[in-house]
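Undergrad: Mapping to my numbering: the sequence shown position 39 is 39, numbers consecutive.
By construction, these hints were calculated from the structure, which means they are not laboratory data. Each residue gets a CB set at the ideal place from its N, CA and C atoms; glycine is no exception. Hints may contain errors.
Said to hold, decoys possible - Simulated restraints on C-beta separations:
{"no.": "1", "residue 1": "Leu126", "residue 2": "Glu204", "range": "49 to 55 Å"}
{"no.": "2", "residue 1": "Pro54", "residue 2": "Asn200", "range": "27 to 33 Å"}
{"no.": "3", "residue 1": "Asn200", "residue 2": "Glu65", "range": "16 to 22 Å"}
{"no.": "4", "residue 1": "Arg146", "residue 2": "Gln48", "range": "29 to 35 Å"}
{"no.": "5", "residue 1": "Asp231", "residue 2": "Asp98", "range": "51 to 57 Å"}
{"no.": "6", "residue 1": "Ala92", "residue 2": "Pro64", "range": "19 to 25 Å"}
{"no.": "7", "residue 1": "Arg142", "residue 2": "Glu55", "range": "21 to 27 Å"}
{"no.": "8", "residue 1": "Asn49", "residue 2": "Thr91", "range": "39 to 45 Å"}
{"no.": "9", "residue 1": "Lys158", "residue 2": "Arg134", "range": "57 to 63 Å"}
{"no.": "10", "residue 1": "Gly133", "residue 2": "Gly160", "range": "27 to 33 Å"}
{"no.": "11", "residue 1": "Ser143", "residue 2": "Asp231", "range": "22 to 28 Å"}
{"no.": "12", "residue 1": "Asp231", "residue 2": "Ser75", "range": "21 to 27 Å"}
{"no.": "13", "residue 1": "Thr91", "residue 2": "Asn200", "range": "19 to 25 Å"}
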Amino acid sequence: MKTFMLYAPEAAEMVAGAEPLVNDSTNRTPLIPRTDYGIGLLAERAAQNWATVPELALRYTTQPEFATKSQLFLSKLDKRKKKGGERSPITADLERADADAERGIRKVKTYLLAKYEENAKDYYPLFGIEHHGRNWRLPHSRSKRREVFKQIIESIEKQGFSDKEYGKEFWAELAARYEALLKSATGTDGKISVEVSGKNELKEWLVMVLNSLAKIIEGNYPTTFKGELRDWGFQKNQY
């Protein structure tokens, strides 16, 4: 039976997010991957190996806790990826809505030009059209655009443009669509933010434990620790 000695007790005092161990001072190849999925897969494999050697112990955590948190970390990564995928169609729809708004406001400018001729620009602010450099355009901020759409609808009515192609119906439909898209985007972004926050905390903790395990493995296998580390999944084939 193998006998294990607890090596480097100070490992328990390592701060979360400490720099991963390196196996070579010249090429500085890290034992622990830099990517989130790399860390998650290494933690999963290390947890499986640790279960076969219960004599290997750390004071601040246990194998079951480490295994549970490694699976939770991978689960959060999958959820974040899924939420990010949900956000992509919303982003595309918002970009299309922005393009519709730009097209619509160009038409409104032509209506104003036909009605007021050289004085048309005097009425731009009534429609939320701002001066940007040499151009007059809608605000870049989407939250501001949402408010400007209400202003445009009111001004469309007052200026007698309601029945035109880009009149009240066009802007009312666009405003409603924009509002719904922004709410969906905000909700999705909030969910992603929660997942990222929990993920980062777990990542720091897993890296801390992996560093501790690597130290203990090296201490218990002073002559064969590189092979042992490979068996545990620490940067396999990169020694």
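Undergrad: Between the beta carbons of Thr91 and Asn200, is the distance compatible with 19 to 25 Å?
TA: Holds - the Cβ-Cβ distance for Thr91 and Asn200, about 23 Å, lies within 19 to 25 Å.
Undergrad: Looking only at beta-carbon atoms, does the pair Asn200, Glu65 fall within the given range of 16 to 22 Å?
TA: 19 Å, holds
Undergrad: Note whether the CB distance of Ser143 and Asp231 lies within 22 to 28 Å or breaks it.
TA: The hint (22 to 28 Å, Cβ to Cβ) is violated, given that Ser143 and Asp231 are roughly 54 Å apart.
Undergrad: Range hint 39 to 45 Å: satisfied by the CB atoms of Asn49 and Thr91?
TA: 41 Å, holds
Undergrad: Lying within 49 to 55 Å: is that true of the beta-carbon distance Leu126 to Glu204?
TA: 53 Å, holds
Undergrad: For the range 21 to 27 Å, tell me whether the beta carbons of Arg142 and Glu55 fit it or not.
TA: 58 Å, violated
Undergrad: Within 19 to 25 Å or not, the Cβ separation of Ala92 and Pro64?
TA: 44 Å, violated
Undergrad: Can the suggested window of 51 to 57 Å be confirmed for the beta-carbon pair Asp231 and Asp98?
TA: 54 Å, holds
Undergrad: Does the Cβ pair Asp231, Ser75 satisfy 21 to 27 Å?
TA: Once the Cβ atoms are compared, 25 Å apart, the range 21 to 27 Å for Ser75 and Asp231 holds.
Undergrad: In this structure, is the beta-carbon distance linking Arg146 and Gln48 contained in 29 to 35 Å?
TA: 51 Å, violated
Undergrad: Please check whether Gly133 and Gly160 have a Cβ separation lying inside 27 to 33 Å.
TA: Holds: the Cβ-Cβ distance is about 31 Å, inside 27 to 33 Å.
Undergrad: Could you tell me whether the CB distance from Pro54 to Asn200 stays inside 27 to 33 Å?
TA: 30 Å, holds
In this structure, the earlier hints numbered 4, 6, 7, 9 and 11 are contradicted, and the remaining ones agree with it.
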